[in-house]
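Visitor: Each chain, written out:
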Amino acid sequence: AQSVTQLDSQVPVFEEAPVELRCNYSSSVSVYLFWYVQYPNQGLQLLLKYLSGSTLVKGINGFEAEFNKSQTSFHLRKPSVHISDTAEYFCAVSEGTAGNKLTFGGGTRVLVKP
Amino acid sequence: DGGITQSPKYLFRKEGQNVTLSCEQNLNHDAMYWYRQDPGQGLRLIYYSQIVNDFQKGDIAEGYSVSREKKESFPLTVTSAQKNPTAFYLCATRDVGASGYTFGSGTRLTVV
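Chains as they are written, first to last, in my numbering: chain W, 22 to 135; chain B, 13 to 124.
Do not rely on the hints blindly, as some may be mistaken.
Covered by chain B, per the in silico footprint, the following chain W stretches (three or more residues, Cβ under 8 Å) [said to hold, decoys possible]:
#1 54-65
#2 126-133
Below are the SDA-like pairs computed for lysine to any residue, each with C-alpha atoms no more than 20 Å apart in a straight line [to be verified]:
#3 82(B) x 18(B)
#4 69(B) x 23(W)
#5 69(B) x 22(W)
#6 21(B) x 61(W)
The hints are simulated quantities; they were obtained by calculation from the structure and are not laboratory data. Backbone N, C-alpha and C fix where the C-beta goes; we use that ideal spot for every residue, glycine too.
Construct the entire structure; sequences and hints are all you get.
Guide: Right under this line is the structure:
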């Protein structure tokens with residue numbers, strides 16, 4: 022069975038500083054990996070996804086993530102955050118089988134301080 | 013505009029009552045999903061449906077029921093058997109062959 026661990030439940034960061042959100046997964050097969058962002062009382066919006074190919078994936082709003090198969094990680098980074106990046110971020114994995122179910126990590130709450 | 017409509021946005025339920033959450037989509041996506049979100053626990057899958065008139069249990073189906081009579085609609089009923097129903101409920105869809113989901117804006121259910 023697949024599982025996802027987000028290592029930090031909360032990450033405070035100053036505006037214009039870089040941020041990295043850590044995500045590790047476990048699976049016995051090849052996976053698809055995703056990062057989603059959620060603003061308060063809203064649904065989830067896709068930031069980026071890794072399906073195959075280049076291990077460095079660029080997404081919306083200046084975010085990028087790197088897939089590392091040997092370390093089973095998919096960490097999310099942004100070189101300079103804005104106040105508007107304050108939100109909760111979810112890493113998710115799909116094995117591409119059994120209905121393409123997504124399994125989510127517990128989320129990382131990012132608080133950007135001025 | 014294509015999208016997913018979840019209604020109502022906020023719902024209050026008395027203990028012992030059944031309530032139904034609506035999820036309607038005009039994206040023409042085949043698969044639909046219901047997730048429950050609790051603080052610090054991420055999203056957990058309740059039920060999913062890949063085609064009309066068929067659905068499967070997810071990881072936490074107990075106390076919930078669904079139907080899929082139309083491609084556009086996948087309502088979720090929270091029954092009185094669900095002992096801790098207060099949560100944020102998210103509906104999502106996925107197109108055939110696509111790998112990612114599209115999410116609705118959610119329904120916040122509170123038991124009073």
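Visitor: Work down the list of hints and note, for each, if the structure agrees.
Guide: Now the hints, each set against the structure:
Only residues whose beta carbon comes within less than 8 Å of a beta carbon in chain B count, and the segment 54-65 of chain W has 6; three or more means the coverage holds. Coverage of a stretch by a chain is defined here by at least three residues with a beta carbon nearer than 8 Å to that chain's beta carbons; for the segment 126-133 of chain W and chain B the count is 3, and the condition holds. At roughly 16 Å between alpha-carbon atoms, residue 82(B) and residue 18(B) fall within 20 Å of each other, so this suggested pair holds. Among the hinted pairs, residue 69(B) with residue 23(W) is consistent with the structure: their alpha-carbon atoms are about 17 Å apart, no more than 20 Å.
With a C-alpha separation of about 16 Å, the suggested pair residue 69(B) and residue 22(W) falls inside the 20 Å cut-off, and the hint holds. About 13 Å separates the Cα atoms of residue 21(B) and residue 61(W), which keeps this hinted pair within 20 Å; it holds.
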